[in-house]
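Visitor: Okay, here's what each chain looks like letter by letter:
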Amino acid sequence: MSAKVEELIKEEHPMERLLRMDRIPHIWCPTCGLGTTVTALSTALEQLQLDLNNVAVVSGIGCTGRVAGYMKLDSFHTTHGRAVPFALGLHIARPELKTIVFSGDGDLISIGGNHFIHTARRNVDMTIICVNNFIYAMTGGQVAPTTPLTAKAATTPYGNWEHPFNLPLLAASSGAVYVARWTALHVRRLTAAIKEAISKRGFSFVEVIAPCSTLYARINKLGTGLDLMKFYHDNSVIRHGADLNDVDIDFQSKIVVGKFVDIEKPTYIDCLNEGGKRAFGDKYKPYGGGNGNN
Amino acid sequence: MKADPNNVLTGAHYLDGNHACAEGAIAAGCKFFAGYPITPSTEIAERVSRRFPLIGGVFIQMEDELASMNAILGASWGGVRSMSCTSGPGFSLMMENFGLGLMLETPCVLVNVQRGGPSTGLPTLPGQADMMQARWGSHGDYEVIALAPDSPQESFELAVHAFNLSETYRMPVLIMTDECVGHMTEKVVIPPAEEIELVEIRYSSKKPGEAWPFEATEDLISPMLEVGKGHKFHVTGLTHDERGYPVINAEAQAKNVNRLVDKVNKHAEEIIWLQEKDVEGADVVVMSYGISSRVVQPAIMKATKEGIKVGQIKMVTVWPFPEKRVAELAEKVKSLVMVEMNLGQVFLEMDRCAKGKCETYLVGHAGGTVHNPEDIYNTIKEAAK
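If you read the sequences in order, they're chains F and B.
Start counting the first sequence at 183; every next residue gets the next number (our numbering).
Start counting the second sequence at 3; every next residue gets the next number (our numbering).
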């Protein structure tokens with residue numbers, strides 16, 4: 183090994199400030215989209231120059247659920263589907279924190295679907311990063327509510343015959359103020375979207391289409407992780423502001439990506455204070471979080 | 003720490019048990035309440051929703067009980083005293099994440115206003131049949147703390163006490179009341195704030211980088227870590243080490259789970275609260291909790307009048323179970339009688355701890371109404387033979 187290479191290896195990993203290096207190596211498979219997505223979040227946080235003491239990450243269960251365990255932030259690994267209501271409680275108690283929910287499609291949209299739509303409806307100020315790999319990966323590749331029609335999974339050996347959710351449409355129609363979708367190939371655009379989402383006041387949602395070569399691609403004979411990235415390259419269609427009725431994902435179809443929604447709406451805490459003022463006038467002191475009387 | 007006078011509705015009031023419970027929680031400094039409507043507990047949520055806006059608290063009606071339980075855990079990690087209330091079916095839904103609260107050692111208070119079960123059962127009528135669910139309803143091994151008020155006054159007092167226990171032992175605490183107490187209206191005297199002593203949770207004084215969320219301590223109670231202070235800590239529902247990092251093996255499991263169990267058992271004598279009357283020299287001791295401990299009174303009076311030596315133990319705390327005390331008594335008395343509005347739940351514990359040293363009797367009842375005191379009297383008479 184040349185001296186120059188050794189020097190490079192000694193250099194601090196650029197993400198070290200944001201990762202629990204004492205927990206690396208992580209458990210994710212080679213070519214998984216999660217590494218890229220975590221890098222996108224880390225880069226976004228670095229570029230936003232936020233005080234990292236004031237950023238909290240909450241995850242549910244599954245491959246993506248493990249993200250909270252690798253981010254060097256106050257981080258919570260909760261139960262299956264419940265990251266969002268846990269994050270809601272944390273956010274209301276400490277509204278000054280940036281609360282980020284980082285979880286998978288099965289966790290957020292299947293078992294956690296009810297919490298997802300209601301928290302969007304309330305426009306609670308948090309950012310949801312949903313890594314969609316079309317499958318339950320941690321448990322061995324079972325069908326998910328995002329699995330495209332006809333795609334195979336461990337529990338749909340003859341191909342999936344259920345209609346999948348269109349996540350951007352679901353988020354937007356439930357009340358999200360920011361909705362974007364990118365793939366794990368669109369690293370810069372994804373990072374930019376995460377930055378926008380974190381900066382947005384209200385319920386922001388970023389869907390990340392991510393490769394699972396160990397399960398989804400293997401079961402469906404789609405090749406390696408690299409083949410999936412090539413597929414994203416050849417089949418992603420950037421269409422900002424697209425009609426969300428047109429962004430369904432079919433099996434190996436074109437994937438419409440872009441920023442779909444970016445609107446202003448009072449947040450949950452804005453509305454809470456509005457309601458308090460309406461009822462009590464000057465007697466009401468705006469809620470600012472915490473335990474004491476404000 | 004004394005209670006904040008802004009929160010305390012000092013004075014004599016005419017309240018039902020649910021309203022009194024809400025006032026107790028508010029007096030204890032509860033500032034976040036997440037709940038889902040369910041009979042017969044809803045009055046707690048309603049009162050909190052009316053009282054919170056002017057004292058800086060947030061009430062939120064969640065989409066379901068799973069969300070409610072998680073929201074209070076999240077808020078508790080945000081440093082805010084949090085609670086929820088529910089009844090039978092909702093309690094079942096909360097069980098998974100009650101377990102998360104135990105595993106993350108998160109202080110909070112959960113009230114179950116018990117109704118008749120199983121399933122939808124008797125929404126508007128009382129029961130005490132969730133006692134074993136309180137003890138074992140979440141999966142895995144753990145210990146719980148559960149309190150059972152018998153009146154609106156005690157609903158107020160035990161709500162304060164529940165918060166104190168949860169902050170002392172850094173864990174969720176259950177208040178297992180019932181429809182009867184919840185909807186019974188009586189005089190409730192709320193003392194001045196300066197007479198309400200509140201326990202403040204111990205936060206770690208260590209610097210970021212040196213503090214861990216489950217630091218080993220002699221008393222087994224780890225100091226809590228505060229979010230936003232640079233600790234950048236991690237907590238997980240997975241089996242973990244003292245850093246909060248997941249460790250998936252048998253050794254870590256033994257350490258983690260035994261500590262959760264030992265934390266309560268080691269402090270059991272401090273936690274257990276029994277109110278005993280005429281127990282010394284008694285031939286028969288009647289044990290009960292919650293509303294049943296009031297229903298036993300006429301039966302005990304009648305039996306005493308007839309010359310039977312009857313003692314009574316009202317269990318203010320049902321969990322942890324007073325194993326030692328029951329074992330002691332079993333050596334001395336002829337019989338122990340458990341009166342509870344179920345078909346024999348806490349009775350099984352009493353029977354186990356008596357180890358055959360005395361007779362044990364159950365006066366059970368499927369719920370829907372309180373016991374007929376005559377049934378209790380008949381059992382006392384039988385037990386005294």
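If you're looking for bench data, these hints aren't it; they were derived computationally from the structure.
Treat the numbers as computed from the prediction; the structure is a model and nothing was measured.
Glycine included, each C-beta is placed from N, C-alpha and C at the ideal position.
Warning: the hint list may mix true and false statements.
[Unchecked claim] The calculated label-pair distances, taken between Cβ atoms and stated as ranges, are:
no.: 1; chain 1: F; residue 1: Pro468; chain 2: B; residue 2: Pro125; range: 36 to 42 angstroms
no.: 2; chain 1: B; residue 1: Thr126; chain 2: F; residue 2: Glu198; range: 43 to 49 angstroms
no.: 3; chain 1: F; residue 1: Ile420; chain 2: B; residue 2: Pro120; range: 50 to 56 angstroms
no.: 4; chain 1: F; residue 1: Asp444; chain 2: B; residue 2: Lys268; range: 36 to 42 angstroms
no.: 5; chain 1: B; residue 1: Lys209; chain 2: F; residue 2: Glu278; range: 19 to 25 angstroms
no.: 6; chain 1: F; residue 1: Lys412; chain 2: B; residue 2: Trp138; range: 51 to 57 angstroms
no.: 7; chain 1: B; residue 1: Ile250; chain 2: F; residue 2: Lys467; range: 32 to 38 angstroms
no.: 8; chain 1: B; residue 1: Gly142; chain 2: F; residue 2: Arg199; range: 32 to 38 angstroms
no.: 9; chain 1: B; residue 1: Gly211; chain 2: F; residue 2: Pro468; range: 33 to 39 angstroms
no.: 10; chain 1: F; residue 1: Lys412; chain 2: B; residue 2: Asn251; range: 37 to 43 angstroms
no.: 11; chain 1: B; residue 1: Thr371; chain 2: F; residue 2: Phe433; range: 58 to 64 angstroms
no.: 12; chain 1: F; residue 1: Gln324; chain 2: B; residue 2: Glu253; range: 30 to 36 angstroms
no.: 13; chain 1: F; residue 1: Arg303; chain 2: B; residue 2: Gly230; range: 34 to 40 angstroms
Visitor: For each hint given before, does the structure comply? Return the numbers of the non-compliant ones in rising order.
Guide: Of the numbered hints given earlier, those the structure breaks are 2, 4, 7 and 13, listed in rising order.
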